[in-house]
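Trainee: Here is how the chains run, residue by residue.
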Amino acid sequence: MTSPSRAAIHVSGLRKSYGDKVVLDGIDLGIAEGAIFALLGPNGAGKTTTVQILSTLVDADGGEARVLGHDVAREPDAVRELIGVTGQFSAVDNLLTGQENLNLMADLHHLDRPARRRRTAELLQRFDLTREAGKPASMYSGGMRRRLDLAMTLVGNPRVIFLDEPTTGLDPRSRRAMWDVIRDLAADGVTILLTTQYLEEADQLADRIAVLDRGRLVAQGTPDELKRLVPGGHVQLRFADADEFRFAYQVLGAPAHDEASLTIQVPNDGSVRSLRALLDQLDHACVEAVDLSVHQPDLDDVFLALTGQPDRERSTTR
Amino acid sequence: MSTVALAVRDSGTMLRRSLLRMRRYPSMTFMLIGMPVVFLLLFVYVFGGTLGNGLGAASGGHEAYANYVVPGILLMAIAGTAQGTAITVAMDMTEGIIARFRTMAIFRPSVLTGHVLGAVVQTMLGLAVVVGIALLVGFRPNANPVEWLAAAGVLAMTGVALTWLSVALGLAADSVESASNLPMPLVLLPFLGSGFVPTESMPTAVRWFAEYQPFTPIMETLRGLLLGTGIGADAGAAAAWCAGITVVGFLWARRRYNRNTAR
Numbered sequence: 001m002t003s004p005s006r007a008a009i010h011v012s013g014l015r016k017s018y019g020d021k022v023v024l025d026g027i028d029l030g031i032a033e034g035a036i037f038a039l040l041g042p043n044g045a046g047k048t049t050t051v052q053i054l055s056t057l058v059d060a061d062g063g064e065a066r067v068l069g070h071d072v073a074r075e076p077d078a079v080r081e082l083i084g085v086t087g088q089f090s091a092v093d094n095l096l097t098g099q100e101n102l103n104l105m106a107d108l109h110h111l112d113r114p115a116r117r118r119r120t121a122e123l124l125q126r127f128d129l130t131r132e133a134g135k136p137a138s139m140y141s142g143g144m145r146r147r148l149d150l151a152m153t154l155v156g157n158p159r160v161i162f163l164d165e166p167t168t169g170l171d172p173r174s175r176r177a178m179w180d181v182i183r184d185l186a187a188d189g190v191t192i193l194l195t196t197q198y199l200e201e202a203d204q205l206a207d208r209i210a211v212l213d214r215g216r217l218v219a220q221g222t223p224d225e226l227k228r229l230v231p232g233g234h235v236q237l238r239f240a241d242a243d244e245f246r247f248a249y250q251v252l253g254a255p256a257h258d259e260a261s262l263t264i265q266v267p268n269d270g271s272v273r274s275l276r277a278l279l280d281q282l283d284h285a286c287v288e289a290v291d292l293s294v295h296q297p298d299l300d301d302v303f304l305a306l307t308g309q310p311d312r313e314r315s316t317t318r
Numbered sequence: 001m002s003t004v005a006l007a008v009r010d011s012g013t014m015l016r017r018s019l020l021r022m023r024r025y026p027s028m029t030f031m032l033i034g035m036p037v038v039f040l041l042l043f044v045y046v047f048g049g050t051l052g053n054g055l056g057a058a059s060g061g062h063e064a065y066a067n068y069v070v071p072g073i074l075l076m077a078i079a080g081t082a083q084g085t086a087i088t089v090a091m092d093m094t095e096g097i098i099a100r101f102r103t104m105a106i107f108r109p110s111v112l113t114g115h116v117l118g119a120v121v122q123t124m125l126g127l128a129v130v131v132g133i134a135l136l137v138g139f140r141p142n143a144n145p146v147e148w149l150a151a152a153g154v155l156a157m158t159g160v161a162l163t164w165l166s167v168a169l170g171l172a173a174d175s176v177e178s179a180s181n182l183p184m185p186l187v188l189l190p191f192l193g194s195g196f197v198p199t200e201s202m203p204t205a206v207r208w209f210a211e212y213q214p215f216t217p218i219m220e221t222l223r224g225l226l227l228g229t230g231i232g233a234d235a236g237a238a239a240a241w242c243a244g245i246t247v248v249g250f251l252w253a254r255r256r257y258n259r260n261t262a263r
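As they're listed, the protein sequences go chains A and B.
Going by UniProt numbering, the first residue of the first sequence is number 1, and it counts up by one from there.
Going by UniProt numbering, the first residue of the second sequence is number 1, and it counts up by one from there.
Bound-form chain A, shown alone (with noise of 0.2 Å):
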């Protein structure tokens, strides 16, 4: 972990209660500067209560946290000179235009006019709003208000932004596009943490990951190291009857099964070439499987293989 005064963020024993419901139960993170960090967790997890805090918006009630050496509970004006925050409920004013919206950002950071006009010109260039800038904000897709969003959170210059789930309801390629934005402001130098739901996302974005459940962080690492926690692909086989069932368990060397089920479950990345030699494998021992199911790695995963128990509400919505 980075020392409290070299960490863009640094974070220890944080704790949140409303009333009886034990939100943040001690929560330590480390955030190097420059760096992309993911906090992935389901809904009701605490991430948006940690955004929340470290944003300065809510007290904490016990533990510290630090935000550029600056502790946010004692000196939130310091703390909100250096932060931007884009939250999960997009904070434009729907009644104003785009440029209206960049004109108050631009006012309330005491840009001179010259000034403002050259940054908020910079940033509806920048974020494909050009065009739509005369249009009131109500007016504007869900993808168009995320940008417009986050163009108000960078027109201070913020050297850490809070992105609480970024891309929350966004269509596949404005998802992609906000990707890129984030890519390009950690690319400045720009510190970012980031929330979310998806381990695609947080795979994709992030250099470090925390998973978070029910108000407690159950792992921290790279993409990397934490893919290797989860148990990963598998490829799903069903069989006829127990002798069947049997003989393929012996033949594809004791893997995951279900005895009850005829169920065997095989490590497997779902690419064509590794199930050909799956099922190259049954066919040289003449085993016939009745049903075969190719299964992805997914935040159930994760919270199957860290927390022992799946992610209930994801799982009942299914």
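Hints may contain errors.
Here are some chain A residues pointing at chain B (derived, C-beta under 10 Å) [unchecked claim]:
no., residue
1, S55
2, D77
3, I83
4, T86
5, F89
6, S90
7, D93
8, L95
9, L96
10, N103
11, D107
12, H109
13, H110
14, D149
15, T153
Simulated restraints, written as ranges between beta carbons of each label pair [said to hold, decoys possible]:
no., chain 1, residue 1, chain 2, residue 2, range
16, A, E225, B, P26, 54 to 62 Å
17, A, D61, B, A239, 41 to 49 Å
18, B, G228, A, D59, 52 to 60 Å
19, A, D188, B, M124, 44 to 52 Å
20, A, L229, B, R24, 46 to 54 Å
21, A, G134, B, F47, 44 to 52 Å
22, A, A78, B, M31, 38 to 46 Å
23, B, G34, A, Q125, 42 to 50 Å
24, B, G96, A, G19, 22 to 30 Å
25, A, W179, B, D174, 34 to 42 Å
26, A, R126, B, L42, 53 to 61 Å
27, A, Q296, B, S175, 40 to 48 Å
These aren't lab readings, by the way, just hints derived from the structure by calculation.
A virtual CB, placed ideally from N, CA and C, is assigned to each residue, including glycine.
Position chain B relative to chain A; hints supplied.
Mentor: Then chain B, alone, in the frame of chain A:
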């Protein structure tokens, strides 16, 4: 930048935001100006004949009543705008941009001062329209320019006081609906005072309330300035009430705004 300079600059920015939002959503402003105008016409032309005769002056009827009722209608206009402000503030607090403001290094109460300044501008515009129409329907003030200025000062002072109160009510309300209901008594206060009929004509209990509630000294001061009736101690009482309501509203609003946001 010093705190004062920061406060002035950020409040100015937020005032521009409030005015822009009012321009984008003009129906609220029209409604707030329209309501007292409707009441003015109703009271002068429908009730004015009878009520005017009851005032006990030498000349009665519509003309006498038009003069009598205008201060009450002006206060009603201010109270109505305050109700609109409570709704606007409650609606604004549901917007994500408020969370953004809270994470920025700006003069913290500027979100609120922006609303207050915007509402006062809205109030004064509305009052100008109401006074203009009152003059058309027979309001005949005998004030000199200094008295007009003083009357405008009394109205502005009342506007500031009721606006801070309504900002606090808007912040305290748990929904936009309750924000529109909480300030309702303010709109009724001119009726339970010297706004529409002299307090002497009321039953004892109502009369006692009417004479000691804040709107009565304000309306009597306006009457004195515009029509030359006696002012006496009413000016002092009006100023004290306005100052008191402003302080309470400001402190209450600031406390509500500074509370933790997560609900």
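Trainee: If a hint holds in the structure, say so; if it does not, say that too.
Mentor: Against the structure, the hints:
{"no.": "1", "hint": "S55", "in the structure": "holds (5 Å)"}
{"no.": "2", "hint": "D77", "in the structure": "holds (5 Å)"}
{"no.": "3", "hint": "I83", "in the structure": "holds (7 Å)"}
{"no.": "4", "hint": "T86", "in the structure": "holds (8 Å)"}
{"no.": "5", "hint": "F89", "in the structure": "holds (4 Å)"}
{"no.": "6", "hint": "S90", "in the structure": "holds (5 Å)"}
{"no.": "7", "hint": "D93", "in the structure": "holds (5 Å)"}
{"no.": "8", "hint": "L95", "in the structure": "holds (4 Å)"}
{"no.": "9", "hint": "L96", "in the structure": "holds (6 Å)"}
{"no.": "10", "hint": "N103", "in the structure": "holds (9 Å)"}
{"no.": "11", "hint": "D107", "in the structure": "holds (4 Å)"}
{"no.": "12", "hint": "H109", "in the structure": "holds (8 Å)"}
{"no.": "13", "hint": "H110", "in the structure": "holds (7 Å)"}
{"no.": "14", "hint": "D149", "in the structure": "holds (8 Å)"}
{"no.": "15", "hint": "T153", "in the structure": "holds (8 Å)"}
{"no.": "16", "hint": "E225(A) with P26(B): 54 to 62 Å", "in the structure": "holds (58 Å)"}
{"no.": "17", "hint": "D61(A) with A239(B): 41 to 49 Å", "in the structure": "holds (45 Å)"}
{"no.": "18", "hint": "G228(B) with D59(A): 52 to 60 Å", "in the structure": "holds (57 Å)"}
{"no.": "19", "hint": "D188(A) with M124(B): 44 to 52 Å", "in the structure": "holds (47 Å)"}
{"no.": "20", "hint": "L229(A) with R24(B): 46 to 54 Å", "in the structure": "holds (52 Å)"}
{"no.": "21", "hint": "G134(A) with F47(B): 44 to 52 Å", "in the structure": "holds (49 Å)"}
{"no.": "22", "hint": "A78(A) with M31(B): 38 to 46 Å", "in the structure": "holds (44 Å)"}
{"no.": "23", "hint": "G34(B) with Q125(A): 42 to 50 Å", "in the structure": "holds (43 Å)"}
{"no.": "24", "hint": "G96(B) with G19(A): 22 to 30 Å", "in the structure": "holds (24 Å)"}
{"no.": "25", "hint": "W179(A) with D174(B): 34 to 42 Å", "in the structure": "holds (38 Å)"}
{"no.": "26", "hint": "R126(A) with L42(B): 53 to 61 Å", "in the structure": "holds (57 Å)"}
{"no.": "27", "hint": "Q296(A) with S175(B): 40 to 48 Å", "in the structure": "holds (44 Å)"}
The structure fails none of the hints (numbered hints given earlier).
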